[in-house]
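Q: From just these sequences and the hints, can you work out the full model?
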Amino acid sequence: MKNDLVLRVVGKLLIPFILLFALYVQFHGDFGPGGGFQAGVMLAAAIVFYALIFGVPATQRAVPEWLVETMLASGVLIYAGVGLAGLLLGGNFLDYFVLDKDPVHGQHRGIFWVEAGVATTVAGVMLKIFYMFAMRGRLED
Amino acid sequence: MMVSVVALARSRNLFAAVVLSGVYSFLMATVLVALDAVDVAMTEAAVGAGVSTVLLLGALHLCKSEEAKPAHRPWLPLSVAIGTGALLVYGSFGMPEFSNPLAPIHQHVVPRYLQNEVDLPNVVTAVLASFRGYDTLGETTVVFTAGAGIIALLRRRKKGKRAEGKADEK
Numbered sequence: 001m002k003n004d005l006v007l008r009v010v011g012k013l014l015i016p017f018i019l020l021f022a023l024y025v026q027f028h029g030d031f032g033p034g035g036g037f038q039a040g041v042m043l044a045a046a047i048v049f050y051a052l053i054f055g056v057p058a059t060q061r062a063v064p065e066w067l068v069e070t071m072l073a074s075g076v077l078i079y080a081g082v083g084l085a086g087l088l089l090g091g092n093f094l095d096y097f098v099l100d101k102d103p104v105h106g107q108h109r110g111i112f113w114v115e116a117g118v119a120t121t122v123a124g125v126m127l128k129i130f131y132m133f134a135m136r137g138r139l140e141d
Numbered sequence: 001m002m003v004s005v006v007a008l009a010r011s012r013n014l015f016a017a018v019v020l021s022g023v024y025s026f027l028m029a030t031v032l033v034a035l036d037a038v039d040v041a042m043t044e045a046a047v048g049a050g051v052s053t054v055l056l057l058g059a060l061h062l063c064k065s066e067e068a069k070p071a072h073r074p075w076l077p078l079s080v081a082i083g084t085g086a087l088l089v090y091g092s093f094g095m096p097e098f099s100n101p102l103a104p105i106h107q108h109v110v111p112r113y114l115q116n117e118v119d120l121p122n123v124v125t126a127v128l129a130s131f132r133g134y135d136t137l138g139e140t141t142v143v144f145t146a147g148a149g150i151i152a153l154l155r156r157r158k159k160g161k162r163a164e165g166k167a168d169e170k
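Those sequence lines, one after another, are chains A and B. When you line the first sequence up against the working numbering, it's residues 1 to 141, in that order. When you line the second sequence up against the working numbering, it's residues 1 to 170, in that order.
In case anyone wonders, no lab produced these hints; they're calculated from the structure. For every residue, glycine included, the Cβ atom is placed at its ideal position computed from N, Cα and C. A portion of the hints provided could be inaccurate.
[As the list claims (entries may be wrong)] A few chain B residues facing chain A, derived, Cβ under 7 Å:
1. Asp39
2. Ala46
3. Gly50
4. Val51
5. Leu137
6. Gly147
A: Encoded structure:
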């Protein structure tokens with residue numbers, strides 16, 4: 001699909017907006033529908049879209065494999081780190097009330113970081129699976 | 001939805017099956033919107049219709065696009081599926097009416113969730129990330145494990161190169 005002009009132009013126009021919408025879903029998840037999981041999937045979908053139009057090698061230059069693998073592991077670590085932070089600040093594991101002087105604000109902070117962790121892991125895993133399948137076909141061709 | 005499922009079961013062409021399953025996911029998302037479960041609908045549309053369709057197409061790239069003829073007649077699996085479905089429908093008769101405010105599920109912990117000591121407008125996010133933080137941590141770990149499993153299964157081929165690279169670094 002590399003030489004399809006319409007797809008290239010439309011893709012270039014749309015991908016920034018998809019990424020922006022993913023961020024919106026991520027950060028607005030406290031107030032409207034959405035959250036880490038949905039945002040992570042959208043992020044991955046935008047990059048997969050890019051890979052379908054411009055090819056996997058170009059995508060791997062933009063989003064290298066080591067970054068994806070780091071994302072995959074660091075998301076869980078961020079999540080567990082929030083839990084441990086609660087533990088260190090004198091609460092229970094995954095207790096967000098102690099993360100700030102104001103308990104409600106502490107909850108918001110905890111949820112924000114937890115959602116960030118979920119989004120990171122989900123996006124990383126989706127992209128990794130896609131890369132794995134795409135590269136596999138390439139190696140066997 | 002019924003039409004797409006029947007067509008999905010009958011089609012022998014795997015490409016058509018992948019596209020039909022995407023159609024089914026989108027219809028399912030609209031049903032979830034109608035049920036006021038916007039968060040789930042969003043997930044269904046993005047995962048079911050978006051990413052999993054692409055992943056299935058990627059898998060399709062690796063195999064033939066026609067399904068092999070089944071070795072057995074499908075009567076036994078079909079009867080098991082219909083039997084289970086009938087049992088589930090029979091069980092649903094015992095459930096309280098849809099949107100009945102007196103149903104047990106609305107009496108137990110839900111009032112506390114809705115009081116919302118977390119003070120987030122979206123209750124789904126509050127329940128997911130705060131009240132049920134352990135569940136979500138478990139889910140994230142499951143997703144991570146899936147990714148790690150895929151890496152372990154599919155990366156074997158590159159091992160030789162990788163070992164050489166490491167040797168060069170040293």
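Q: Indicate, hint by hint, whether the structure satisfies it.
A: Going through the hints against the structure:
Hint status for B/Asp39 relative to chain A: holds, with the closest Cβ pair at about 5 Å, below 7 Å. Residue-level restraint check for B/Ala46 holds (minimum Cβ-Cβ distance to chain A is 4 Å; threshold 7 Å). With a least beta-carbon distance of about 5 Å to chain A, the hint placing B/Gly50 at the interface is held under the 7 Å criterion. Of the supplied interface hints, the one on B/Val51 holds, with its beta-carbon coming within about 5 Å of a beta-carbon of chain A, less than 7 Å.
The beta carbon of B/Leu137 is positioned within 7 Å of a beta carbon in chain A (closest approach about 5 Å), and the interface hint is therefore held. Annotation: interface hint on B/Gly147 holds; nearest CB of chain A at approximately 4 Å, less than 7 Å.
Violated hints are absent here; each numbered hint is respected by the structure.
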